[in-house]
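Asker: Taking the hints into account, I'd like the entire structure generated from these sequences.
Sequence lines, in order, name chains D and S.
Take 1 as the starting number for the first sequence in my numbering and just add one per residue.
Take 1 as the starting number for the second sequence in my numbering and just add one per residue.
What the hints contain is simulated information worked out from the structure, not anything from laboratory work.
Nothing here was measured: the structure is a model prediction, and the numbers come from that model.
There are no misleading hints in this set.
Which residues of chain D face chain S? A few of them, derived with a C-beta cut under 8 angstroms, are:
{"hint": "1", "residue": "Leu409"}
{"hint": "2", "residue": "Ala424"}
{"hint": "3", "residue": "Thr444"}
{"hint": "4", "residue": "Ala454"}
{"hint": "5", "residue": "Gly456"}
{"hint": "6", "residue": "Ala457"}
{"hint": "7", "residue": "Val463"}
{"hint": "8", "residue": "Ser464"}
Across the chosen pairs, the derived CB separations fall in these ranges:
{"hint": "9", "chain 1": "S", "residue 1": "Ala249", "chain 2": "D", "residue 2": "Gln381", "range": "31 to 41 angstroms"}
{"hint": "10", "chain 1": "D", "residue 1": "Lys88", "chain 2": "S", "residue 2": "Ala186", "range": "52 to 62 angstroms"}
{"hint": "11", "chain 1": "D", "residue 1": "Gln381", "chain 2": "S", "residue 2": "Ala190", "range": "26 to 36 angstroms"}
{"hint": "12", "chain 1": "D", "residue 1": "Pro29", "chain 2": "S", "residue 2": "Asp322", "range": "40 to 50 angstroms"}
{"hint": "13", "chain 1": "S", "residue 1": "Ala190", "chain 2": "D", "residue 2": "Ser401", "range": "20 to 30 angstroms"}
{"hint": "14", "chain 1": "S", "residue 1": "Ala186", "chain 2": "D", "residue 2": "Ser401", "range": "18 to 28 angstroms"}
{"hint": "15", "chain 1": "S", "residue 1": "Pro196", "chain 2": "D", "residue 2": "Pro258", "range": "55 to 65 angstroms"}
{"hint": "16", "chain 1": "D", "residue 1": "Pro433", "chain 2": "S", "residue 2": "Thr248", "range": "19 to 29 angstroms"}
{"hint": "17", "chain 1": "D", "residue 1": "Pro433", "chain 2": "S", "residue 2": "Pro196", "range": "24 to 34 angstroms"}
{"hint": "18", "chain 1": "S", "residue 1": "Lys230", "chain 2": "D", "residue 2": "Gln369", "range": "32 to 42 angstroms"}
{"hint": "19", "chain 1": "S", "residue 1": "Ala186", "chain 2": "D", "residue 2": "Pro29", "range": "23 to 33 angstroms"}
{"hint": "20", "chain 1": "S", "residue 1": "Asp358", "chain 2": "D", "residue 2": "Gly366", "range": "36 to 46 angstroms"}
{"hint": "21", "chain 1": "D", "residue 1": "Arg67", "chain 2": "S", "residue 2": "Ala190", "range": "51 to 61 angstroms"}
{"hint": "22", "chain 1": "D", "residue 1": "Gln369", "chain 2": "S", "residue 2": "Ala186", "range": "32 to 42 angstroms"}
Yeah, the Cβ is synthetic: ideal placement off N, Cα and C, and Gly gets one too.
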Amino acid sequence: MKERSPVPSLSSVSSAAIALNRFGLGARPNDTPPANPQRWLLDQFAHFDVLPAAYATLENAGTIIKRYEKEQVANRQMTGQENQADIKVARHDFRQDVQTLYRAAVQARTDSALATETPFVERLVHFWSNHFCVSADNPRVTAFVGAFERDAIRPHVLGRFADMALAAEQHPAMLIYLNQIQSIGPDSNAAARNPERKRGLNENLAREIMELHTLGVRSGYTQADVTEFARALTGWSVGGLGADKSPGADPNNFMFRPGQHEPGVRTILGKRYDQDGENQARAALFEFAHSPATAIHIATKLARHFAGDVPPPALVERLATSFTTSHGDLPTVYRTLVASREAWVAEPTKFKTPWEWTISALRGTGRAQVGNIQIAGLQTQLGQRVWQPGSPAGWDDIAASWAGSGALLARVEVAQRLGSSIGAGLDARTVAPRIMPGSLSDATADQIARSESAAGAIALMLVSPDFLRR
Amino acid sequence: MIARRQFLSASVLGAGALFVAPGLALATVPTERRFVFIIQRGAADGLDILRPYGDPAFTGLRGALVGDDTLGTKLDGMFALHPELAQVARMYGQGQALFVHAIASPYRDRSHFDGQNVLETGGNQPYAVRDGWLNRLVTMLPRSTDAAIAIAATIPTALRGSVQVASYEPSALPHAADDLMARVTALYDADPQLHPVWAAALETNGLAAGVGASRDPVSLGRLTASFLTKPSGPRIAMLETLGWDTHTAQKGRLANQLKGLDAMLAALRDGLGAAWSQTTVLVATEFGRTAAVNGSGGTDHGTASVAMLVGGAVKGGRIVSDWPGLAPAKLYQQRDLRPTSSLDGLIAGVAAESFELDHEKVGRTLFSQNTIGRPMSDLLKS
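Answerer: Written out as structure tokens, the structure is:
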């Protein structure tokens with residue numbers, strides 16, 4: 001008997017299709033399959049639009065939060081006590097504002113993914129956004145999630161890892177999400193002024209930076225290292241939020257508060273940090289960002305994203321070396337990835353996430369704009385609410401986590417809806433081979449051709465085993 | 001494994017109520033006449049719908065599909081109507097239903113997409129014409145001051161064109177149609193990763209369980225009638241039905257399909273009330289199916305089929321047919337019912353008579369490529 005591979009025998013995928021679908025966000029019916037797929041990917045670095053039109057009009061989250069806090073204060077002053085009814089109304093309005101902002105940000109992200117001419121870089125934005133995850137678990141964080149990706153991730157996706165890490169850790173979204181704004185040095189001036197308030201250190205951000213964002217779990221740091229780093233991080237905060245009365249403080253931006261910073265020299269992972277103020281944690285963060293442990297951590301995640309749930313060790317090693325020798329220069333790491341045969345294996349390496357599937361379905365049916373399709377609600381139905389994995393670890397990148405039966409049935413229903421909204425406006429028989437060039441299986445092509453309606457054929461194309469994977 | 005397969009086939013059969021695509025499109029014109037076009041997507045089998053039991057070759061070709069059940073309502077010495085079309089049979093008895101058998105569009109190949117495109121555009125080649133004949137018909141009528149109703153989803157090809165028309169979708173998230181579910185199941189069956197996930201999805205959800213009341217054929221018929229009876233509402237409607245592609249187990253599947261169609265037509269009649277006397281409903285499909293039954297109790301893509309006219313305006317109680325016969329030498333390419341009537345000619349004729357327009361002019365406007373010969377006449381009560 002012939003030995004069976006644990007991986008299902010899947011149809012072969014062409015290099016052009018790999019470039020378009022595995023590295024990109026899905027082909028569009030009018031895309032010409034790239035003659036030189038690797039060149040096509042690398043050429044995108046020169047054309048990436050950091051701030052696409054879709055993002056430019058997003059409202060500032062911090063301003064909304066500050067307005068809400070002012071209302072609360074006014075309510076208390078007006079009534080001389082906490083008026084529960086008024087506060088309830090204000091809170092309700094605030095939550096609605098935040099949801100509106102969240103949905104607008106999801107639409108902007110989608111529009112950007114549909115219109116982009118640099119889909120590989122856009123995919124990397126989504127990758128890094130999930131790596132430096134802020135989960136929309138409460139209204140304050142929810143308000144910021146769109147701005148976080150726009151301001152902390154996009155500008156650095158083609159830069160150095162350390163710069164992206166700094167932007168992410170200093171973004172209001174992260175500082176609020178991981179409770180950094182509550183962290184006060186025990187021996188700081190702020191603590192001394194209000195001894196009765198007993199505010200102190202919060203280690204959350206310090207721990208997640210080390211465990212999730214840079215070094216990786218079980219990479220050799222101790223609890224003492226985390227605590228020391230947390231001390232170094234004190235004072236990292238957001239302008240204008242909470243009890244802050246400092247004039248001109250911008251609630252949309254990072255602010256260092258020297259009064260909250262724990263004085264003194266810190267020793268983390270055996271290295272001494274004697275910098276003043278903000279620069280202390282910044283120096284430690286840069287040290288982490290350039291650590292060999294971080295190189296392996298990032299390399300593993302990139303390999304898993306592009307080469308399959310079980311990352312090939314040789315690819316991880318090559319990416320890590322590239323990361324280290326280039327001092328975290330991300331385009332250099334991407335070039336190593338694009339040059340690696342493990343990322344180009346002709347079998348699909350990944351079952352698409354709900355987000356990837358949705359974007360590729362919209363692109364594959366020729367949509368350049370999201371229009372009136374509400375993507376936020378759609379992603380919730382498909383099982384992965386955008387920017388809300390519910391954990392600072394982000395979504396794990398393993399298909400079993402999202403390829404459930406209910407989610408699969410929902411894809412079929414959504415596909416039918418997409419198909420019926422297009423109807424006879426698109427011929428799946430001609431589109432399918434264009435968006436899966438050289439890769440469409442005979443079985444899928446056959447079933448598409450036999451579908452009893454044009455709309456049904458489009459739906460079938462979108463939920464075919466070929467299209468569900470990349 | 002066996003249990004699962006039984007479950008799947010039972011689900012597909014039992015979901016007959018889903019056969020209606022949630023697609024209803026409407027056009028507004030100032031007239032008291034109503035015209036409804038119901039398309040049967042998937043190539044409905046005319047030989048099983050209006051059975052030529054008087055043809056000596058019929059039993060040999062089709063006996064297995066009829067089996068021991070009743071042949072249906074005998075309309076004359078040659079034809080019997082499928083037993084599930086009980087309401088239609090009653091309409092026929094009241095002079096409100098007319099059938100044209102062995103009819104086809106100019107299309108002679110066997111692709112659903114292309115066949116539907118030819119049927120809906122009125123071209124004689126797929127994709128040769130961009131807009132639809134039903135939209136061009138609207139251009140021939142005086143414009144209403146009342147704009148068309150607009151409620152989302154999609155306009156079928158037959159109603160696409162220069163005149164703005166409305167479409168309505170009864171429910172937000174449609175359950176997947178039978179045809180899609182069956183094809184998805186076939187593709188996932190061969191996929192070791194997707195197969196168990198999909199089997200679980202089907203078991204936990206149960207295909208028929210979530211059928212919303214608003215999407216069943218009766219509700220759709222009623223809904224259509226409610227639009228058509230609004231004082232300044234639309235007077236032209238198109239309904240899409242899916243699920244006619246009966247390659248396997250046709251006996252049960254077609255019975256379900258026809259039961260739904262019959263209920264939809266009755267609901268339309270009842271909902272229209274007094275307006276039924278002003279109404280003509282055309283039911284047609286893109287092409288027919290093979291004369292002989294295939295190896296899995298179904299039929300494959302063929303050529304000619306049957307078209308129906310029902311409604312109070314129809315000069316019914318008649319079958320119009322230049323019957324070509326089912327003997328092997330009489331079949332089209334030795335396999336299909338041979339077309340002897342032009343579907344385009346029927347459409348042009350019924351459209352002209354519905355709105356009291358000139359037959360020739362309607363023929364030229366709806367079917368510019370002059371493949372129809374003369375539009376049929378004497379279809380409706382004058």
